[in-house]
Amino acid sequence: MKGAFSSFATGGKRKSQKFFNIVSEKRLKEAVAEIRQFTTNVLNKKKQALTTEPVDLFSRFLNSGHLDEKHLTDIVISFILAGRDTTSAALTWFFWLLYKNPTIESEVVNEVKDKEKSDSSIYDEVKDMVYTHASLCESMRLYPPVPVDLRSRQAPAIFYRTGSS
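Using my numbering, the letters of the sequence shown correspond one by one to residues 357 to 521.
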């Protein structure tokens, strides 16, 4: 990932580095290739296990038949990279808000400690943590992990009612 950042920091040199395959550009290509290979391996293993494992979101993508392997690989890479960054941002703000609000912090800590003694599954424990869930939601309302999600279309939008774009 160092290669990814340095390519942004070099400004105008990027095109010449790419053309001449200079070291940082070479490392970036190698890192991207390694991530793609890892993701392709995950994809292939998941395809083989489709009949034996329960259906999850990834299995639904695979079973849909609407996506090619490159698109599926891109989705997996997005899950891996984007999920890490947004989770760390959300938790950073959550813990900062807890630090700033000691009464709420003690409520959350007490709720977690109460569930710690339980014999139920982790899913059931977390599902019943109403105060912690509300605190996390409020934290993300105040400080969203992705405050703006800019998207652009790749092809002209067609409005089927009018037939115009």
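FYI, nobody ran anything at the bench for these hints, they're computed from the structure.
Cβ atoms here follow ideal geometry from the backbone N, Cα and C, with glycine treated the same way.
Hints may contain errors.
[Claimed, not checked] Listed below are the simulated BS3-like cross-link pairs for lysine-lysine, each with C-alpha atoms no more than 30 Å apart in a straight line:
1. K426 <-> K473
2. K456 <-> K426
3. K426 <-> K382
4. K471 <-> K483
[To be verified] Taking CB as the label site, the calculated pair distances span:
5. A490 <-> E390: 34 to 42 Å
6. A389 <-> R440: 14 to 22 Å
7. S508 <-> L423: 25 to 33 Å
8. E494 <-> G439: 17 to 25 Å
9. E461 <-> V504: 24 to 32 Å
10. R509 <-> I460: 35 to 43 Å
Structure-based check of each hint:
With a C-alpha separation of about 46 Å, the suggested pair K426 and K473 falls outside the 30 Å cut-off, and the hint is violated. Distance restraint check for K456 and K426: the Cα-Cα separation of roughly 45 Å exceeds the 30 Å cut-off, and the hinted pair is therefore not satisfied. With a C-alpha separation of about 22 Å, the suggested pairing of K426 with K382 holds against the 30 Å cut-off. A hinted pair counts as satisfied when its Cα atoms are at most 30 Å apart, and K471 with K483 qualifies at roughly 10 Å.
Distance hint check for A490 and E390: the Cβ-Cβ separation is about 41 Å, which falls inside the suggested range of 34 to 42 Å. The hinted window of 14 to 22 Å between A389 and R440 holds, with their beta carbons roughly 20 Å apart. At about 20 Å, the beta-carbon gap between S508 and L423 misses the expected band of 25 to 33 Å. Between E494 and G439, the C-beta spacing of about 21 Å keeps the proposed range 17 to 25 Å intact.
At about 29 Å, the beta-carbon gap between E461 and V504 stays in the expected band of 24 to 32 Å. A hinted range of 35 to 43 Å for the beta carbons of R509 and I460 is consistent with their spacing of about 42 Å.
Comparing the model with each numbered hint stated earlier shows that hints 1, 2, 7 do not hold.
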